[in-house]
Amino acid sequence: MNRYKKDRIYFWIFLAPALLSFIVVVIIPFFMGIFYSMTDWTAIAGLKPNWVGLENYKEMFSDLAFQYSFMRTFLFTLLSVLSINFVALAFAFLVTRETKLKNFYRAGFFIPNLIGGLVLGYIWQFIFKNVVPAIGSLLGIEAMEKVLILADPTLALFGLIFAFTWQYAGYIMMIYVAALLNVPQELIEASELDGAGPWHKFWNIIVPMIAQAFTITSFLTLVNSFKQYDIIRALTNGGPTTQFNDVVVNSTEMLAVHIYNVAFKYNNMAEGQARAIIFFLILSIVAMTQVYVNKKREVEM
Amino acid sequence: MGISRKWTGILITIFTGILFLIMMFPFFIVVINSAKASLEIITDPISMPEKWSQLFENIKIIWNKPTIRYASSVFSSTVITTGSLFFISVFSAMAAWMLVRTKSKLSTFIFLLFLSGLIIPFQVVMFPLVELFRRIREFTGIHMLKTYHGMILTYIGFGAPMAVFLFHGFIKSIPKELEEAATIDGCNKFQIFFRIIMPILKPIFVTVIILNAIWIWNDFLLPSLILGVGQEIQTIPLAIANFAGSFVKKWDLIMTAVLMAAVPIIIGFLIGQKHIIKGMVSGSIK
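Respectively, the protein sequence lines represent chains A and C.
Take 144 as the starting number for the first sequence in the working numbering and just add one per residue.
Take 9 as the starting number for the second sequence in the working numbering and just add one per residue.
Everything labelled a hint here was simulated from the structure, so no lab data went into it.
The structure displayed is predicted, hence computed values, not measured ones.
Check each hint, because a few of them may be wrong.
Said to hold, decoys possible - To be clear about the criterion: a stretch of chain C counts as covered by chain A if any three or more of its residues have a C-beta under 8 Å from a C-beta of chain A, and this derived list gives those stretches:
#1 21-35
#2 46-60
#3 105-114
#4 161-170
#5 237-249
#6 265-279
Glycine included, every Cβ here is placed at the ideal spot set by N, Cα and C.
Excised from the complex, chain A in its bound form:
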């Protein structure tokens, strides 16, 4: 056997395990999914799916529940990105100060990130349902004692954002910490000698230095808020219901949950799949914009 042929055999032996798993689990289902989204597929064994063209997509855009879920997902994503980044940045400043406890605090703020979304959702469900009213009665605050956070559409959304921020801010904090530690100490000292106030220091030295980190953190928080499923499933399961253009909708049923519910709760696999494809397209646009912005910034720097 010549060397060239031998190299080719080795090439496939080394690639096959990872590549085949990836093709079977991701690539084939991906194309099946595009096909199924244009059929009346029901996942009932033995029933052949019939071609319906773009019917499922038309159905989706006229479905008020989808429109509502779409808007709620954007609202949830926007508020989560702001909340998580704000908290994470504040944490990052606090734990990069010279204190003996800084490593202790870093670990503490980071730990919620190790708790899975599902488990965390149940913890917060208990806090919102039982602990908050108990604290209210202890402090004698009637509003807090009576409030039903998870039964109110707006409060439930804020509850989700709160729980998600609790989980994720510590992780994003670590990325900001890495960036802040890269800011040269001489630069800050030099500006102090020049008489720069803390505000000036923040905007003109620290902000530009952490801009690179910001593209990463904004991308991570954006994508992970948009894809959120586990926390919602355990904390609100999409509820409570509310009215939207005279139709009853689930106020915290974000797209990831919505896709699942359409497919399984209402047993409409094909429609769920069409919505998943749109979900994917939105995410790809976000990802590509991110790559584009990053590339542009790198050129500038």
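Starting from the structure of chain A, add chain C where the hints point.
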């Protein structure tokens, strides 16, 4: 100025301490309520428990309750996580090494194919994947759903893109001369990879394993589709969802189950803290 600065410093220190306590509050709630009986937890969820020994009672109940099967879910989670980690890291390192060392259009294409996996969310392939696994059983008789191998295969497929990407970036920086010398000495590719390359890749192995371990151990949606909730094989999140999702909320036992799920992860984190934080942050930045 010196004095006001000192006071701001003290205020910030106090503020950080308060934030820390707020962040720890949910854990505090879980711990005190894990040691309460069902009536006590409803009437008073914020006081210290009447007797801490209730904690062991609750743990015993969770561990032995046939409707939860907690012990078996710990076993299943361990098998699935370690199995997936092993195969994801070894297979991806093998693939990445070949992709870096082979300069051809085909290898570039395969690398880009793996990268495309980074932006495909699970939601878009989950329904067809279940269908595909069902079909595989119909045609070959091999069960894929509700099995360990089906679950682990799924994690390899979803974990490979990120792992290949990380290994690929690292291997590019390893000089080729090392391998060339070994080839002259008569080593075959397997010997070169497992004896020379693998030891060099150790830091990336750590990153890949940590990133995937946290994901797989805590994952819910994926195993809920492949294994199903309330089936024979169930991971810890599935067991908790099955038990906690039932109509009557037994909060005392749910809190204990949550505590039992969280404590091992937190202990693991405290032991390997430095590596874990470094691994997770560097994995995100690349």
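Now the hints, each set against the structure:
Counting residues of the segment 21-35 of chain C whose CB lies closer than 8 Å to any CB of chain A gives 9, which reaches the minimum of 3, so the coverage claim holds. A count of 5 residues in the segment 46-60 of chain C with a Cβ less than 8 Å from any Cβ of chain A is obtained; the coverage claim is therefore met, three being the minimum. Judged by the Cβ-Cβ criterion of 8 Å, the segment 105-114 of chain C is covered by chain A as claimed, because 4 of its residues qualify and three suffice. Coverage of the segment 161-170 of chain C by chain A holds in this model, with 7 residues showing a Cβ closer than 8 Å to a Cβ of that chain against a need of three.
Proximity of the segment 237-249 of chain C to chain A, defined as three or more residues with a beta carbon under 8 Å from a beta carbon of that chain, is established by the 3 residues found. Closer than 8 Å: that is the beta-carbon criterion, and the segment 265-279 of chain C has 7 residues meeting it against chain A, so the requirement of 3 holds.
Consistency note: the structure conflicts with none of the earlier hints.
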